[in-house]
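Produce the complete structure using the sequences and hints provided.
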Amino acid sequence: AQTVTQSQPEMSVQEAETVTLSCTYDTSESDYYLFWYKQPPSRQMILVIRQEAYKQQNATENRFSVNFQKAAKSFSLKISDSQLGDAAMYFCAYRSPYGNQFYFGTGTSLTVIP
Amino acid sequence: EPEVTQTPSHQVTQMGQEVILRCVPISNHLYFYWYRQILGQKVEFLVSFYNNEISEKSEIFDDQFSVERPDGSNFTLKIRSTKLEDSAMYFCASTKEREWGHNEQFFGPGTRLTVL
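For the protein sequence lines, the chains are H and P, in the order given. Under my numbering, the first residue of the first sequence carries the number 1, and numbering increases by one thereafter. Under my numbering, the first residue of the second sequence carries the number 115, and numbering increases by one thereafter.
Simulated from the structure, these hints should not be mistaken for laboratory data. Take every hint as true, because none was put in to throw you off.
Dumping the calculated DSS-like pairs for lysine-lysine here, alpha-carbon to alpha-carbon at most 30 Å:
| no. | chain 1 | residue 1 | chain 2 | residue 2 |
| --- | --- | --- | --- | --- |
| 1 | P | Lys171 | H | Lys73 |
| 2 | H | Lys78 | P | Lys210 |
| 3 | H | Lys55 | P | Lys156 |
| 4 | P | Lys210 | H | Lys73 |
| 5 | H | Lys78 | H | Lys55 |
| 6 | P | Lys156 | H | Lys78 |
| 7 | P | Lys210 | P | Lys192 |
| 8 | H | Lys73 | P | Lys156 |
| 9 | P | Lys197 | P | Lys171 |
| 10 | H | Lys70 | H | Lys55 |
| 11 | P | Lys210 | H | Lys70 |
| 12 | P | Lys210 | P | Lys171 |
| 13 | P | Lys171 | H | Lys70 |
| 14 | H | Lys70 | P | Lys156 |
Between beta-carbon pairs, the in silico distance windows are:
| no. | chain 1 | residue 1 | chain 2 | residue 2 | range |
| --- | --- | --- | --- | --- | --- |
| 15 | P | Ser180 | H | Ala72 | 38 to 46 Å |
| 16 | H | Thr20 | P | Leu198 | 36 to 44 Å |
| 17 | H | Ser30 | P | Ser169 | 21 to 29 Å |
| 18 | P | Lys197 | H | Pro9 | 20 to 28 Å |
| 19 | H | Asp81 | P | Asn166 | 44 to 52 Å |
Partial pick of chain H residues on the chain P-facing surface, computed with a CB cut under 8 Å:
| no. | residue |
| --- | --- |
| 20 | Phe35 |
| 21 | Phe91 |
| 22 | Gly99 |
| 23 | Gln101 |
By construction, the Cβ of each residue, glycine as well, lies at the ideal position given by its N, Cα and C atoms.
Structure representation (C-alpha cells):
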C-alpha cells in the first residue's frame, strides 16, 4: 500500500515570509496524483493544490506552489507571503488512478506569527 | 459555495452502543466516502459508495460498519456496536464526477466520536 509521510508535525512562519512543508511518499506506481489539503481549525479540509505525476511542471496556485521531485518521491508545499489565514493543519495526500481512496499523511500544523 | 455538512459535530456514546453518523454531500455529487482520523494518527480511508452500493472498502471497514443513502440527500455511516478504539474524527467526502484520480474530494467538517 502507498504511504505518505509528513515529517514536520508543527511549523511556524512569520507573516509575509515563506515556508515550505515537506511530504514524501512511497509507491510502485508510475502514474498517480498528489494533493495538499488545508484544514483550518474546526473547519473542513479544502483543496490547496494538486499535481499529476505525469506532469513535469510544478503546480502553482497564487501564493502556493509545489516542488515535485518524482524520482525522490517528494512533494513539498511552499507558501509565499504567508498570511494569518494560512494558519491551519496541512495534509499531503496521494491517490492512485486505479482506486477511490486518498492516502493521507499525519499532517503539519502551521502557525503564522503576526 | 456548496459544502458537505455533517451532523452531529460531536457524538458521545457508551461502548457497545450503535451510532449513526450523518452526512449531506454536495447535491449534484455522485460518489461518497467516509474517512476517519484517530487522534494523532493519519486520516484513513474507510469506504467509498456509488450508485447505492459500496465500490471500495478498507480493512478497517468490517462487519461492524455499514453505509447507507436512505434518501436523496443523506449519506450515513453506522457502527453497530462501538468499541473504545472507534473513538476518532469521522470525515465524509463527496465527488461529482467519475473517480478519476485528479478529481478533488470535498470534505465535511467531521464528527468527533467519543466512545466511553
